[in-house]
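Number of protein chains: 2
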Amino acid sequence: MASLPAGPEIERLVQLLAKLPGLGPRSARRAALALLKKREGLLEPLAIAMRDAANAIRVCEICGNLDTASPCSLCRDTRRDAHILCVVEDVADLWALERAGVFRGKYHVLGGALSALDGVTPERLNVSALLSRVVSGVEEVILAMNATVEGQTTAHYLMDALQPSGVKVTRLAHGVPVGGELDYLDEGTLFAAFKARREL
Amino acid sequence: MASLPAGPEIERLVQLLAKLPGLGPRSARRAALALLKKREGLLEPLAIAMRDAANAIRVCEICGNLDTASPCSLCRDTRRDAHILCVVEDVADLWALERAGVFRGKYHVLGGALSALDGVTPERLNVSALLSRVVSGVEEVILAMNATVEGQTTAHYLMDALQPSGVKVTRLAHGVPVGGELDYLDEGTLFAAFKARREL
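Chains as they are written, first to last, in our numbering: chain G, 12 to 211; chain A, 12 to 211.
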């Protein structure tokens with residue numbers, strides 16, 4: 012990134028903002044200017060919110076979710092079905108499923124996906140806790156990994172690891188996304204959608 | 012935004028991040044998670060950088076630029092040609108021109124563009140300082156407004172306001188952007204490009 016015609020403090024702010032996912036160099040510069048212009052309305056409240064969130068955040072000792080309490084609010088919620096576990100790679104995936112409101116069981120957050128390239132081994136994921144949880148009364152484990160190579164590798168690994176427990180293991184369906192146009196879909200998705208076609 | 016399955020502190024962090032330009036609800040959630048996961052590597056340095064930048068920032072008393080000193084580094088730079096002033100709407104525009112390295116004169120930052128809709132009158136912009144600067148030895152004023160309705164309204168207003176001073180007033184050329192394909196350009200740009208065509 013070329014040096015800005017401003018002081019090193021502003022340069023540093025832009026550099027750190029550019030590390031946030033979704034912000035490139037250009038949007039980091041715009042975000043830095045917005046922060047500096049709205050000092051009382053945005054910069055100071057955001058600094059306080061960052062400190063408060065950093066102080067409040069806990070990793071749930073049961074499922075690995077991020078919340079302000081451990082066990083997290085989902086693990087404490089007795090209205091949720093403890094017989095079904097939905098395994099996700101990341102907290103962001105848990106949030107996405109909660110937004111969709113499709114699942115009323117409990118979650119388990121792995122904290123990533125297996126990746127030989129990035130050196131992510133099963134030991135670095137929240138796997139052994141999952142195997143311990145499955146022993147006590149869980150009837151179904153839904154593997155809700157991303158439909159990526161890493162996600163599917165992780166799903167296969169977990170399927171093997173869960174087999175001795177005898178628990179029912181399922182995975183999310185692959186197919187044409189709702190609202191998706193065939194013309195824009197990749198071969199892999201079309202192949203999966205054909206293979207899993209259903210009679211009407 | 013639907014409530015997150017996390018505490019109010021995290022919710023508040025996401026809400027404030029979503030106020031940054033370029034971050035929607037989804038990217039604000041991803042940014043919040045990235046901050047909380049990389050507490051020592053990202054959240055704490057960013058909090059410090061925000062505080063440092065907020066403390067260091069000054070509005071240049073001459074040109075209205077944001078810098079860590081006033082007069083700003085560009086106004087202090089004696090190698091820059093003080094006979095040419097480039098008027099921009101915003102600091103971001105100044106940064107863009109500096110990145111391009113096309114201009115070696117001095118700048119003047121208006122702090123916005125005239126907008127009847129948003130109630131931005133000439134009094135709310137850095138206009139009177141511009142008129143005072145022009146008196147003392149400035150030979151050319153380049154109006155580098157955005158090619159929007161507000162930007163062009165502002166340019167027309169400034170042209171009228173600068174006329175009594177007798178200074179030469181120019182504006183940036185409009186036309187086909189370099190690398191642009193005609194098929195993707197709007198009628199206004201094509202019209203401007205035809206009107207300003209040059210003999211080869």
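Because the hints were derived from the structure by calculation, they are not lab data. Being a predicted model, the structure only gives us computed values, none of them experimental. Incorrect hints may appear among the rest.
Using 27 Å as the maximum straight-line C-alpha spacing, the simulated BS3-like pairs for lysine-lysine come out as follows [stated by the list, open to error]: (1) G/Lys117 to A/Lys49; (2) G/Lys49 to A/Lys49; (3) G/Lys48 to A/Lys117; (4) A/Lys179 to G/Lys48.
Evaluated hints:
For the proposed pair G/Lys117 and A/Lys49, the alpha carbon gap of about 26 Å is at most 27 Å, so the pair holds. Among the hinted pairs, G/Lys49 with A/Lys49 is consistent with the structure: their alpha-carbon atoms are about 25 Å apart, no more than 27 Å. Distance hint between G/Lys48 and A/Lys117 is fulfilled; the C-alpha atoms sit about 22 Å from each other, no more than 27 Å. Taking the CA atoms of A/Lys179 and G/Lys48, the gap is about 32 Å. The hint is violated against a cut of 27 Å.
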